[in-house]
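A.B. asks: Model the placement of chain B on the given structure of chain A, informed by the hints.
Protein chains in written order, with this note's numbering: chain A, 170 to 841; chain B, 170 to 841.
In case anyone wonders, no lab produced these hints; they're calculated from the structure.
Bear in mind the structure is a predicted one, so any value in this text is a computation, not a measurement.
Possibly wrong hints are sitting among the right ones.
If chains are identical, the list can't say which one is meant, so a pair holds when it fits in one copy or spans any two.
[Claimed, not checked] With a straight-line cut-off of 20 Å between C-alpha atoms, the simulated PhoX-like cross-links for lysine-lysine are:
| # | residue 1 | residue 2 |
| --- | --- | --- |
| 1 | K283 | K520 |
| 2 | K455 | K505 |
| 3 | K505 | K284 |
| 4 | K520 | K706 |
| 5 | K455 | K542 |
| 6 | K519 | K505 |
| 7 | K519 | K275 |
| 8 | K283 | K705 |
| 9 | K283 | K721 |
| 10 | K284 | K520 |
| 11 | K284 | K617 |
| 12 | K505 | K275 |
| 13 | K505 | K520 |
| 14 | K617 | K283 |
Number of protein chains: 2
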Amino acid sequence: MPKKNAPLQMNHGRRRVIIERVSPEIDGGRFPIKRVPGEPVEVEADIFADGHDVISALLLYRSATELTWTELEMAPLPNDRWRATFRPREQGAWAYTVEAWLDHFKSWQRDLGKKTAAGQDVTVELQVGSALLTATAQRATGSDAETLRGWAAALAVSAPETLRRRIDLALSQELTELATSYPDRSTSTFYGHELRVTVDPLRARYGAWYELFPRSFASEPGAHGTFRDCEAQLPRIAEMGFDVLYLPPIHPIGTAFRKGRNNNPTAQPGEPGSPWGIGSHEGGHKAVHPELGTLETFRHLVEKARQFGLEVAMDIAFQCSPDHPYVHEHPEWFIKRPDGSIQYAENPPKKYQDIYPLNFETEQWQELWEELKSVFDFWIAQGVLIFRVDNPHTKSLRFWEWLIAEIKIEHPEAIFLSEAFTRPKLMYYLAKAGFTQSYNYFPWRNSKEELTEYLTEVTRTEVREFFRPNLWPNTPDILPQSLQAGGRPAFMSRFILAATLGASYGIYGPAYELCENTPRVRGSEEYIDSEKYEIKKWDLNASGNITGLIAKTNQIRRENPALHSNDRLVFHPVDNPQIIAYSKHSEDFDNIILTVVNLDPHHAQSGWVELAADRLQIPTSGNYQVHDLLTGARYLWSGMRNYVELNPSFFPAHVFRIRRKIRSERDFDYYM
Amino acid sequence: MPKKNAPLQMNHGRRRVIIERVSPEIDGGRFPIKRVPGEPVEVEADIFADGHDVISALLLYRSATELTWTELEMAPLPNDRWRATFRPREQGAWAYTVEAWLDHFKSWQRDLGKKTAAGQDVTVELQVGSALLTATAQRATGSDAETLRGWAAALAVSAPETLRRRIDLALSQELTELATSYPDRSTSTFYGHELRVTVDPLRARYGAWYELFPRSFASEPGAHGTFRDCEAQLPRIAEMGFDVLYLPPIHPIGTAFRKGRNNNPTAQPGEPGSPWGIGSHEGGHKAVHPELGTLETFRHLVEKARQFGLEVAMDIAFQCSPDHPYVHEHPEWFIKRPDGSIQYAENPPKKYQDIYPLNFETEQWQELWEELKSVFDFWIAQGVLIFRVDNPHTKSLRFWEWLIAEIKIEHPEAIFLSEAFTRPKLMYYLAKAGFTQSYNYFPWRNSKEELTEYLTEVTRTEVREFFRPNLWPNTPDILPQSLQAGGRPAFMSRFILAATLGASYGIYGPAYELCENTPRVRGSEEYIDSEKYEIKKWDLNASGNITGLIAKTNQIRRENPALHSNDRLVFHPVDNPQIIAYSKHSEDFDNIILTVVNLDPHHAQSGWVELAADRLQIPTSGNYQVHDLLTGARYLWSGMRNYVELNPSFFPAHVFRIRRKIRSERDFDYYM
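Extracted from the complex, chain A is given alone in its bound form (with noise of 0.2 Å):
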């Protein structure tokens, strides 16, 4: 029961708005949502109270820097549903919560204008209202207080012959918006939950990655490649038009159990072992493989690629090589057996002897995890802004959540993709924890079906308020079936797919634009002498490349807004279940990318697309120009259903942008 006397609570009982399910909200109000500058968070609530009264509803929302709240009214929808849109303007944290009031001001005003209209005398009724506008006087200061006061005395009024003057003063546009500017707030509700939005610099949402091992890109044949080679390579990934350029890990790499060609569990003198068998004599997670370069060169890396327009993304694998100097300074970090031995990581019965994890139960898990936090520090002093994160889903997920809030608070334009091909629930909640982006099940959803219901769900669910997804169609662990079975045109209709269904997307190359599909053994999805053991030699010019296609759709992706985001994708019918249909659109409909894919890589497949058209504004009928961006080719299309024929041994796709025929200034170039 409330505490008599107890002056805090005075007000508890007359706040007699309730404010409840505000969305967006991820599990309670227990982790934040993400957004990137400018992006619209569209909040909304139920708000309702006893009784008949008119409610008044403001969405409050400020950025971690700033000491107040920035006000927008929301607006009532039907069923006690209310919404406003706010815009966080830049990186970092943002919070948004719900307020929420009985207005007696506009209930008076509401009942007087129903009481007027009925003939109804209003005398008392003014009276009412004159002492309202009394204490909105008194909320309010200078001009404004003195008319409130003014219309307070004028509506008191008594002379009857008065009474209609009176009440189209009450009633005047003018005297309400003085007086609904200064609200009677004091029996507020509050929402209970300050929500929280994590404002990520725009790469986080769209971006191309392009992922390289530079160790196999020297310029002299047998010998292991540098960041300096890496370098060579700048102009040519720039022109195929990526926006980030993923080295896998550059620590030095250990030598005991070291890995040979193929998964050997022993290599031949000589082999250079995985990047992910991290540490040895050399150093560890904060050193650079001497044989790629030193610190130096690899600053000058990171200068280099941001002057091409790339910026380098860093593998941090948190894992330790028996030869890892955490090993012996730190061997409270692993688990020691009985022998006196250090547990290697395994999945029994497989053992993975190369491989010391850390045991993230140690009772010295404050050193662990600030140790693990100086790694991505003394990284970020070095330039480096993005991280992929190997295996996350192995590691203590309380961890991340606080590294990456950690790391957030000083560099909220950091961004951290989480490496976690495992079980649904695990992977969202990494995202929710803080990943900033997450590969996910793309590389095995292949079907028209499978397709749009996965990406329904990243798109269209609660899911897409904390998960972004980047989709990558291989990488040097993953050659699905589908790329080995579909060959050329497989690697050319993925590739679409993954650079315009995902906002953000990557691949391994040079594998992937030279079309290499041949894996270790059948049935594997691992690359026959891959790259993660051995020095590969690539013939970039190579005959039946697709660099062409993707330096093509890099740009339209540029070109076109509609591919800035996933938030607007739409899924279109078509009456063959090998083609899939497609749209993004940006938020004003001006710019429309209408995507179409034949999903079967051996045969030539037509069909008639159905365009939702409600959902494009676009007429339902009369003509109109689909452009054929990847071609040039330019059809005119007529109502919803049109016809489509794609051979993949040509091209297995359309990108069409849609022009709608509005005659404007600024459509004047359509058809030029």
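C.D. replies: The following block gives chain B in isolation, referenced to the frame of chain A:
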């Protein structure tokens, strides 16, 4: 970041398990769910962790009077979901939550099995196990500790010839059972919320209500009926099989602006007024209307009713006639107008000058709340346990949440029925805030589609956890169009729908059993010559009454546990939109009731009922008997599609008990 050297935080980072999305959970644990003693609470949660260790999870539950949790092991379901079910034993407040941890003993044992199966050397693993058992022994006491220490020593023996024996011991059921009963919970994760259950008496879930106006049952014609007269009705009401006798307000009725016959704004001298116009110089909410009797005769009625198996429910309507003692004793609880008058109720342009609403925004809200609570306390002291609350949606919602919680601390047996015919979110909020049962939209759900959709919403979604519908086909305020138009067949079918769809239902009689269906004016839902404003004389034996059907149906309800809950309501397809079919069954499927109703009051209808056999555990082929408990007729049905034909002028419904042909001694009398 975690504060260093803060002992209470020490283990935070080592708690690797995540627990989320616990269900049932209403609004993040803001509100309790509802149950009756013995009813299951099926608790589920997403539980997972980084890595591949084995998880152990417990459901913890307790009553408010217990200091320690009872623990129940949760079982894993697919997709990282876990489940356990508990049953609160008695009325009152209960709580539940979830605990989980990585179980290193179980992980070790699982891996030992895999390694042994793969023929690997497990010498060191057995030493690891020995250490785990030594630690386990430290958590055990007495002979258990001794046994565990013995096993720890046995596993650590180094003689190779004992290896097989040690492995067998390590994997033995005996060792497993003892070791897993002393788990290491030092790094347990606890779900953040203690979720609450309000455990109400069975009558909260299941009961047949009968409403009457005592003043209409005087033994002498024209006189004002009394509680004594009402006692004379008890045998008849009990014979009809009702459980609750609900009386409109029994307080003194005001005279100022008293309403006359048919809601006439001015009563003629001698007219009795509406029982909802509460308060006069004879008293307010704690007084008895002198013409009905005294506190003593009221208590006598309550006791007498109990002898007939009937609980008396009172109507609490928190509003005041202008003559109510509160008006002069506590003018601060009302809104004063500038002319000195007190603000009457209104919904402009309509005025309700006979009613002064209480002002829940008064600065004396604490005193007001306490006084209103004392009204309930007063009547509980007279023996009343059930309250029907009039228009709770026009009083402060926070007030109800406080009031019901306060009263339930001392009187968990109290039942509060919310009479809120209002917007859906407000209606549901009142239930979340504490109301035990709720009036609802049943009076206006007539078609098969409407009934199916609405009953599915309230019995198959989260709503079922907090909202218990009480289905009323009529009330003194509501004579639905369906009854006006459908006459006696509609009274029969709507009654059977209410009594079989709803574990709780009620009728306003004798208007209902006499099929009174004349509205005040066409298009109105008000009764002509409404009993709200005048004393009626009912001819209880009038021809065409459906008293027999009511008595039979209530008998069926009592004898069939399937009808005591809404939890297992299943709708079955019928190929005729005028026929609705649905079943309920007991938790053990022993009692299955299939109701089939012709919704057309004018024509015979026939169709094929398609039973969802899997949901009733009926074999999908072969014969079984359906026994119409209303008429006594028995039919042999075969397979899942069976024919029904219902003539409303004879009987608009079947209430079948399905007798599955399973031979057991329990089924001996099936065909007798």
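A.B. asks: Cα distance capped at 20 Å. Does K283 pair with K520 within a copy, between copies, both, or neither?
C.D. replies: So K283 and K520 pass the 20 Å test across copies only (12 Å; inside, 81 Å).
A.B. asks: Are the CA atoms of K519 and K505 at most 20 Å apart within a copy, between copies, both, or neither?
C.D. replies: For K519 and K505, the Cα distance is within 20 Å only inside one copy (19 Å; across copies 82 Å).
A.B. asks: Between copies, within a copy, both or neither: which fits K505 and K520 at Cα up to 20 Å?
C.D. replies: within (16 Å within a copy, 83 Å between copies)
A.B. asks: 20 Å Cα cut-off: does K283 pair with K721 within a copy, between copies, both or neither?
C.D. replies: Neither: 64 Å inside a copy, 51 Å across copies.
A.B. asks: Is it within a copy, between copies, both, or neither that the alpha carbon of K520 lies no farther than 20 Å from that of K706?
C.D. replies: neither (31 Å within a copy, 90 Å between copies)
A.B. asks: For K283 and K705, with the copy left unspecified, which applies at a CA distance of at most 20 Å: within, between, both, or neither?
C.D. replies: For K283 and K705, the Cα distance exceeds 20 Å both inside one copy (82 Å) and across copies (37 Å).
A.B. asks: Under a CA distance limit of 20 Å, which applies to K455 and K542: within one copy, between copies, both, or neither?
C.D. replies: Within one copy only: 11 Å inside, 68 Å across.
A.B. asks: How do K505 and K275 come out at 20 Å by Cα distance, when the copy is not named: within, between, both, or neither?
C.D. replies: between (72 Å within a copy, 19 Å between copies)
A.B. asks: State whether the alpha carbon distance between K617 and K283 is at most 20 Å within one copy, between copies, both, or neither.
C.D. replies: neither (57 Å within a copy, 39 Å between copies)
A.B. asks: Indicate which option fits the pair K505, K284 if close means a Cα-Cα distance not exceeding 20 Å: within, between, both or neither.
C.D. replies: Cα proximity of K505 and K284: across copies only (19 Å, versus 84 Å in one copy).
A.B. asks: If the cut is 20 Å between Cα atoms, do K519 and K275 qualify within a copy, between copies, both or neither?
C.D. replies: between (72 Å within a copy, 18 Å between copies)
A.B. asks: Measure nothing new, just compare the shortest in-copy and cross-copy C-alpha distances for K284 and K617 to 20 Å and report within, between, both or neither.
C.D. replies: Answer is neither; intra-copy 60 Å and inter-copy 42 Å both fail.
Violated hints, in rising order: 2, 4, 8, 9, 11, 14; the structure is consistent with all others.
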